[in-house]
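Kindly generate the complete structure, drawing on both the sequences and the hints.
Chains as they are written, first to last, in the numbering used here: chain A, -16 to 416; chain B, 15 to 269; chain C, 76 to 374; chain D, 19 to 336.
No lab work stands behind these hints: they were computed from the structure. Treat each hint with caution, since some may be false.
Restraint ranges, calculated between C-beta atoms of paired labels, are given here [as the list claims (entries may be wrong)]:
(1) R164(C) with N56(B): 36 to 46 angstroms
(2) G168(D) with R389(A): 52 to 62 angstroms
(3) R164(C) with G26(B): 50 to 60 angstroms
(4) N226(D) with Y171(C): 27 to 37 angstroms
(5) Q159(B) with G165(C): 30 to 40 angstroms
(6) G165(C) with D379(A): 20 to 30 angstroms
(7) D129(D) with I401(A): 54 to 64 angstroms
(8) N89(B) with F28(D): 34 to 44 angstroms
(9) V103(D) with F80(C): 53 to 63 angstroms
Derived lysine-lysine pairs resembling DSSO-like cross-links, with alpha carbons at most 27 angstroms apart [as the list claims (entries may be wrong)]:
(10) K14(A) with K324(A)
(11) K247(A) with K250(C)
(12) K173(D) with K177(A)
(13) K188(A) with K341(C)
Small disclaimer: the values here were computed from a predicted structure and weren't measured. Built from N, CA and C at the ideal position, the CB exists for glycine as well.
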Amino acid sequence: MKFFRHCLILASSILVSTMSFVGVTNADDHKGFKIGVVTFLSGPAAEPFGVPAWNGGKLLIKLLNEGKVPAPYNKKGFGGMEITAIPIDESGGATKQVQEFRNLVQRDKVDAVLGYVSSGDCMAIPAVADELQALTVLYDCGTPRVFEDASYKYVFRTAAHAAMDNIAIAKYLIEKGHDISSIAGINQNYAWGKDSWKDFSVSIKKLSPNSEIKNELFPKIFSGQYGTEISALLNSKAKVVHSSLWGGDLQSFILQAKPRGFFKRTQVVFSAGDQVMPGLGNKYPEGVILGARGQYGMMAPDTPLNNWFYKAYMDEYGVFPAQPPYRMVQGLMGLKMAIEKAMDKNGGKKPNKDEIAEAFTGLEFEAPGGLVQMKLGNGHQAIQPHAIGKTAKDKDGNIIVTDIVRYKASCVNPPNGIKAVDWINAGFPGADC
Amino acid sequence: MSDKSNLLRAEGINKSFGAVIAAKDININIQKGERVSLIGSNGAGKTTFMNMVTGYLKPDTGNIFFKGENITPLNPRIITQKGISRSFQIPQIFEPMSAWENLLVALGTSKKNHSYFRNARSKENSDYIDEILSRFSLNEFAHRQVSELPGGVRKLLDIAMALVRKPDILLLDEPTSGVGAEEKYPLMDTIAKALSVENLTVIFVEHDMDIVQNYSERVIAFYQGEIIADGNCDNVLNDKNVQEFVTGKTQVKAK
Amino acid sequence: MIDEFLTIFLDGAIYASWLFIVALGLTFVFGVLKILNIAHGGIYALGAYSTATLVPIFYSLGMPDQLVIVTMLISALAVAIVITPIMERGILRRFYGQDEVLIVLVTYAIYLVLEDVQKIIWGMNSLYVSEPRELLGALEFGSLYYVGYDLALIGLAIFCGLFLWLVLNKTKSGKIVLAVIHNPEISGCMGVNINKVYLAAFFVGAFLAALAGSFTAPLISVQVGISVAVVIESFAVVIIGGLGSIPGAVIGALIIGMARAACVHKLPEAEIFIMYFCMAGMLIFRPKGLFQGAQARKI
Amino acid sequence: MPLKLLNNVFFQSIFLMSLLVVVGIFIPNWLVFVITKAIAYGLVGLGIITLMRGGLVSFGQGFVFGIGGYTAGLLGTQAGLTDAVLLLFISFIFTGFVGLIIAPLLARYRDIFFAMLSLAFSMVLYGILIKIDAIGGSDGFVLPESTYFGIKPSKEYADYILYVVSVIMTGIVSILLRYYYDSTPGLIALAVRENELRVEYLGSSAFNVTVLNFTIAAGLGGMGGALNGIALGHIDPEFTYWTTSGEFVFISILAGYLSVPAVFLAALLLELVRSFSGRYFPDTWQLILGVFLILSIIFIPSGIGSFFKQLFDKLKNK
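Set out below in structure tokens:
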């Protein structure tokens, strides 16, 4: 009897779960365009990245659906189709994300997935995306390896990878005549931190072979306590300290380092230093060289599209947009352009994923941060122009970014077919500055 | 080592817990087939002696030999495997299981287990356990969960579990304690009957002098960790020291 | 050379002090209630949040600067007062006497709940209260600059440890607690109100967790997710020192703090690994930690 | 005779396996995948239950879960071995072997100490894994697509075939485990849970039984890890993190140690709760999961297995 009991339990539970969620799968009528948006909604990466990015995305989706975005994005929704978005939390590691991704594609039957801040997730998702033949737009993560180590049919990245950030900073330091006779770094102990440091230190060595590398610190991610690291960096007396810390780690590092005179004693460069500015406000140190992983926020170009977006975001949320909302908006705009290009070709029907993928490949579109060109990875990986600046106080005591130098996309990104690290090692052949 | 006729031999055992002396120069020889009872008031050292024989406690000095082999440094499991089993004053049985399963567990790694890595409920094992159960008149309780069983039955089961492996020596720690007066004799009769099948050496701790008289041939009396008398039943129970320190002043009639 | 040694020592001591305050509450609660409280990290975060909320209010009232320490103590106390009845009386009490591992799982569930409670109350934005850190000024050692507040943490840690130790060993109520630690059943029979002792002990543990969060708040950006690292680091401390032992927590925190500082200065590659390395070494050579005696077997 | 057949574990499992295989054809793809994942987690839970029978709970099964996952993953990427059945089997054996090596270190400890030491072991492994860049460090790596006896299934059927393989292999494992539970060491384990010293006084070794249980639990955990890695196509050090281990403990406590199928049901339940709370409450899914954990511990303290047992006993009495 025990046996039938177990059968019954198992069978009924499967039946119940199937039936109760069958509504989810059948409710899908395919009139509009449904996307899954994956970004950090909990954990330490939520406040600096996930939430502002999704704020930007939410705002743009709302305005797109209302048809209130300036040209060339003035068509309602995606080519007239209303956009619905399902937000998913990115925290919990790559393995959990693969599962969430499958749920989005197989259960919610989304038309495309837009997401991923973490490099680990960006490395894990594309393989599954191609396996499930699901259109996927990576909007933020930094690792260059996604399209350097493999190629995918349905996966696109609408933002430049991290090599650009560090190459540009190295160039900036030299152009501005900073003393780079010795450098040190503090970067998180995972792919992002390690790649960033490697790109930066090798670029410096290429541009100024005599500079000496002092400390190379790799604290673990989300450790939050940097007293010891700060002592070690101060002890080393390096002229330039490089860091790709972000979010809470970067905020904590700044808060702990500032009272110890760290920013006065050494030239600090933050490769992704802007996204904590809205939070820290005037607690942000002066004289720091920083990048925003693109021409974003305080370093955004003076174009009508950017001015419109900057104001719309400011009006909605009361703070200025830093890189995360720019990047998600960039992803959404790229997707919109690809869909509408595909619709022009197929006569205005809702395009299928193959048509969108074809239209996306090699696409060029104008985003608030400048012209985005899907040039690398055989048309799947974007390059974009970059800007580096330095913080200062204005006459009211507010922190601003000055001394901005803008770099062409082709000046700080490798050409198609060359791995970023090889390009740096070779001394930037074919850079068009 | 030496004399093989001594099944169990304790030599110069001393043991103290802080200021309390639990064993003081204990020397005991026990022959095969003897029925020995240990008497003494609470704290006299009977249970300590039992715990040392079974390896739970280690003597401070002195050695214990079993079949000529020094077993002092061994742990309870090895000593049990060598052939010394024990029961407990408070029955140590596995509450959520049935009496039958308790005995199956007791079979454990012994040579009596016919199917170690196969289903333990094999025919051979079942037959053997049924036999043990009937020997202790426990058949009617076989498949009841032991936590529901009455005290006397639990006592019997505890002893049966110790017997399953067919040990050479069985140590019974107060087999009749916690059992009503009218049940004591039937219980002891059952135990005696069950044990009589094997040619077992039995050592038991007991407070009831009538039972000591009726069921043992040899008595060892403990007082404050020392042996104050050792010999045949009548002699020991009539010993003046024993009467003063152990049994109280009352004269015990000879059998 | 001397400079570097001094730096390592100071950095290690500061980090160890922080670790110790967190681990002290954890180990004390385990000692008395036999609960390894994973939600300890969540209480730590609540302490940090409550300080980040109350201290700006304190400044807006225009109170004298030195009193900010009192505000920080009050905010830690407030967290302990709110959380203790909910956690100990409301949830954990149902599980006393049950399997210890089951209770660990319950505290894990509470930890998950607390993570989102922080989000619901304070939202996603980070909070900053760096002002108290400027209170004690800065000190210069050779070429190095230390903030007085950081060094004062060492004093706070010593005070907490010593205070708890003295209360336990020199006062009547402390001795009652020790009796309960030793044997709850017998203490209960002798008229000790076990439930009261448990409540008090949990309160002390929660207060210490909140206090650690409270005094860490000026150092960090207070935001969602600060608790997860705390759980595992304080866990490592009590594993090394031995569960339930106060001297063990001291040694455990010092070992990890110093080893970590030495690594950052001399062997940065090993830093991420050193905590686990200490833990593994301790497990292999002394699996119950430095200060854990043998467990008596039951019969 | 037919009744006797119905009570035969072997027959029961065959029936249950075929039922699941058939059901798998009719349910949507995502549910097939969720069940496969639940089976992976259930296997680890089964290992913990084996330990629980002996009175121990491991809070560090992420250790063996990770070893199993990385074994399958590394064999796939480094040695080009992609046969799912073989990978599951090798992971089972290899992780069991690792378990056998560390079991003597752990088997001396009980209760919370055992739980915490096993947790510490898993954290040490976590520390090592995030450090080794050659195998992806903290990012982990992607596994090659699986084959089955030399055949690579087409993409539409890959999920279902893995599901069938995992159902069958789990069925076999469950049958073997049932036999183990009914063997002498399996029974002694239950006795160890009650009264370890008495077991020693009966001449059996609680230590040996614990080592055996731990080894089996390790093998099962390794197989679960391998299945999880193969199903997801990706593994990372998160497999060994303490929060992952916490989920395994939860599954086994939710299931109770009385019934094997209850473990898989509990795993499925957890998967569904987690997945749907993540889907509909992306901001507060941890809160929902936490409350779900607390409530289920309060209301079904001895597990689903006992819960259903009571329910059916009541029905029978009516």
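Hint-by-hint comparison with the structure:
Taking the beta carbon of each, R164(C) and N56(B) are about 42 angstroms apart, inside 36 to 46 angstroms as hinted. At about 56 angstroms, the CB distance of G168(D) to R389(A) agrees with the hint of 52 to 62 angstroms. Restraint check, R164(C) to G26(B): a C-beta distance of roughly 58 angstroms satisfies the suggested window 50 to 60 angstroms. At about 33 angstroms, the CB distance of N226(D) to Y171(C) agrees with the hint of 27 to 37 angstroms.
The supplied range of 30 to 40 angstroms is met by Q159(B) and G165(C), whose beta-carbon atoms lie about 35 angstroms from each other. In this structure the supplied range 20 to 30 angstroms is violated for G165(C) paired with D379(A), their Cβ-Cβ distance being about 50 angstroms. For the pair D129(D) and I401(A), the beta carbons lie near 59 angstroms from each other, so the given range of 54 to 64 angstroms is met. Taken as a hint, the range 34 to 44 angstroms holds for the pair N89(B) and F28(D), whose Cβ atoms sit roughly 39 angstroms apart.
For V103(D) paired with F80(C), a C-beta distance near 58 angstroms keeps the hint of 53 to 63 angstroms intact. Proposed proximity of K14(A) and K324(A) is supported: the alpha carbons are some 19 angstroms apart, at most 27 angstroms. With a CA separation close to 53 angstroms, the supplied pair K247(A) and K250(C) exceeds the 27 angstroms bound. With a C-alpha separation of about 35 angstroms, the suggested pairing of K173(D) with K177(A) is violated against the 27 angstroms cut-off.
In summary, the hint linking K188(A) to K341(C) is supported, as the alpha carbons are separated by about 23 angstroms, within the 27 angstroms threshold.
Against the hints set out earlier in the document, violations occur for numbers 6, 11 and 12.
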